[in-house]
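Number of protein chains: 2
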Amino acid sequence: MRRIITISREFGSGGRELGRRLSELLHIAYYDKEIVTEISKRTSLSEEYIRQITEQKPVMAFPISIGRSFYPIPDPLLDQNQTIYREQHKIIREMADKSDCIIVGRCGDFILRDLNPLRIFVYADMDAKIARCRERGQEDPPLSDKELKQKITKMDKGRASYYEFYTGRKWGDRLNYDICVNTSGRSIKELASILVRLAE
Amino acid sequence: MRRIITISREFGSGGRELGRRLSELLHIAYYDKEIVTEISKRTSLSEEYIRQITEQKPVMAFPISIGRSFYPIPDPLLDQNQTIYREQHKIIREMADKSDCIIVGRCGDFILRDLNPLRIFVYADMDAKIARCRERGQEDPPLSDKELKQKITKMDKGRASYYEFYTGRKWGDRLNYDICVNTSGRSIKELASILVRLAE
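Protein sequence lines, in the order shown, are assigned to chains A and B. Residue numbers for the first sequence, in our numbering: 1 to 200. Residue numbers for the second sequence, in our numbering: 1001 to 1200.
Keep in mind that the hints were calculated from the coordinates and are not lab data. Predicted model, so just to flag it, every value in this text is computed and none were measured. Any given hint could turn out to be false.
[Unchecked claim] Only pairs whose alpha carbons sit at most 30 Å apart, straight line, appear in this in silico BS3-like list of lysine-lysine:
(1) 189/A / 1189/B
(2) 1189/B / 151/A
(3) 170/A / 146/A
(4) 1146/B / 170/A
(5) 149/A / 90/A
(6) 1189/B / 146/A
[What the hints assert, rightly or not] Pair by pair, the computed Cβ-Cβ distance ranges are:
(7) 34/A / 1051/B: 52 to 58 Å
(8) 1093/B / 80/A: 55 to 61 Å
(9) 168/A / 1080/B: 42 to 48 Å
(10) 1051/B / 141/A: 40 to 46 Å
(11) 28/A / 1048/B: 37 to 43 Å
(12) 144/A / 1041/B: 51 to 57 Å
(13) 125/A / 1200/B: 20 to 26 Å
For each residue, glycine too, the CB sits at the ideal point set by N, CA and C.
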C-alpha cells in the first residue's frame, strides 16, 4: 500500500510536529520547508518571498477584468504567483511519485487527490495555539496575547484564501479530510502514536 | 480516569456503530435509544413522539414575541419540548454520574461539558451515507437515491437546529469536538480499534 499523508493545519496547532512524528514512526519522507527550498532553487526567488506568496491569496496588480471586458491584461505579479504554484505542484508530485511521504500544507491534499492520500486536518482552540506559539518562542520582539491572536488569525486567513484560490475548495471543510484532530491539551507525540495506525 | 465519550454524528455516517463498538472495547455503558425509552417512562409520552422532538428544532405554536412585546404567551407545544429537553438533560447527567459511558447524540457533549468528555464527531460523504443507509435496509417502501439524500439532509438539518437551539453552538463546528472522523470507505470496526486509544 502506498502511504501518502497530507497535513493541513491551523497556525500554532502543532501540525508540523505531528507530521514529523508520523514520518519518524512510519519511516517515510517528510516535506515541509523542503518544498520552499526546492521552489527557490528552481525559480531563483528567495525562500522568504516564496513563503509569503504560498501562504496567502495571490495579489493582483490589476483587476482580472475591467467592466465586462475579458481582454487579457498582462499581470507580472499574478504571473509570478502562478509560476510558483506550478513549480510547487510539480515538486509535490515528484516527491509523492518518488516514495511514500508526508506533505505539510501547500494544497497537498488537493494536488495528490488521485493518489488517495490520508488527509489530516490539525486544529486547536485559540488559547492552545497561543500557548504553543509561545513555547516555540520565535517572536522577537515578544508579542502580546492580542497581537499573537491577530497574527494567528491572519496566517490562517491567508492559508484559507490561498487554498481556496487554487483548489476551489473550502479550507478546513471537514469533507476534504479523513480526520480532523483537535490538539488542545493533548500531547502531539501521543496523538501521532494513535493516528499512525490510520496509515498502517 | 473517568471515561465519558460523546458521539455526535451525521445521519448514515455510522456514528451509532462506532459508539457501540467503542463501548464493547472499553467495557463501558452505551446509551442511545435507552435515553428515549427513559424519557418516555418518565413523561408518559410515546418514544416515537420523543424521537421526533429530539431531532429537530422546537416548533412553536406562537411566535415568542409579537412586535416588540415580550409579554409571555403560554405555548403548550414549546413547553412540552422543553420538558422533554429537561428530562433528557437530567437522564444524561444521571447516566454519566453512575458510571463511565458513551452517549450518542442528544447534546451530550454540551450537557456533560464540565466532565471533560472525549467528544467525537462522525461524518461521511453523501454517497457513503446513502450506501450505509441502504445496507441497514430500513426503508419501506424503498427510497430512490434522490429521496434518501433528501431524507439524510433533512435529518442532519433537524439535528443541527436542535443542537443549536439548546446549546447556542454550531453543530459540526470542529472546535466543539476533540476529533472529527470521516467514515467514508473505512471499516467502523477498524476505526473503533484506533480511536479507542484516545480514551485509554
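Status of each hint after checking the structure:
Of the supplied pair hints, the one linking residue 189/A and residue 1189/B holds, its CA atoms being roughly 24 Å apart against a limit of 30 Å. Simply put, residue 1189/B and residue 151/A have alpha-carbon atoms about 41 Å apart, too far for the 30 Å limit, and the pair is violated. Among the hinted pairs, residue 170/A with residue 146/A is consistent with the structure: their alpha-carbon atoms are about 27 Å apart, no more than 30 Å. Taken as a hint, the residue 1146/B and residue 170/A pair is honoured in the structure, with Cα atoms around 25 Å apart against an allowance of 30 Å.
For the proposed pair residue 149/A and residue 90/A, the alpha carbon gap of about 34 Å is over 30 Å, so the pair is violated. Restraint check for residue 1189/B and residue 146/A: not satisfied, since their Cα atoms lie roughly 44 Å apart, outside the 30 Å limit. Remark: the range hint 52 to 58 Å for residue 34/A to residue 1051/B is upheld by a beta-carbon distance near 53 Å. For residue 1093/B paired with residue 80/A, a C-beta distance near 59 Å keeps the hint of 55 to 61 Å intact.
At about 46 Å, the CB distance of residue 168/A to residue 1080/B agrees with the hint of 42 to 48 Å. Taking 40 to 46 Å as the suggested C-beta distance range, the pair residue 1051/B and residue 141/A does not conform, at roughly 58 Å. In this structure the supplied range 37 to 43 Å is violated for residue 28/A paired with residue 1048/B, their Cβ-Cβ distance being about 52 Å. Taken as a hint, the range 51 to 57 Å holds for the pair residue 144/A and residue 1041/B, whose Cβ atoms sit roughly 55 Å apart.
Checking the proposed 20 to 26 Å range against residue 125/A and residue 1200/B shows it holds: the Cβ atoms sit about 23 Å from each other.
Of the numbered hints given earlier, the model fails hints 2, 5, 6, 10, 11; all others are met.
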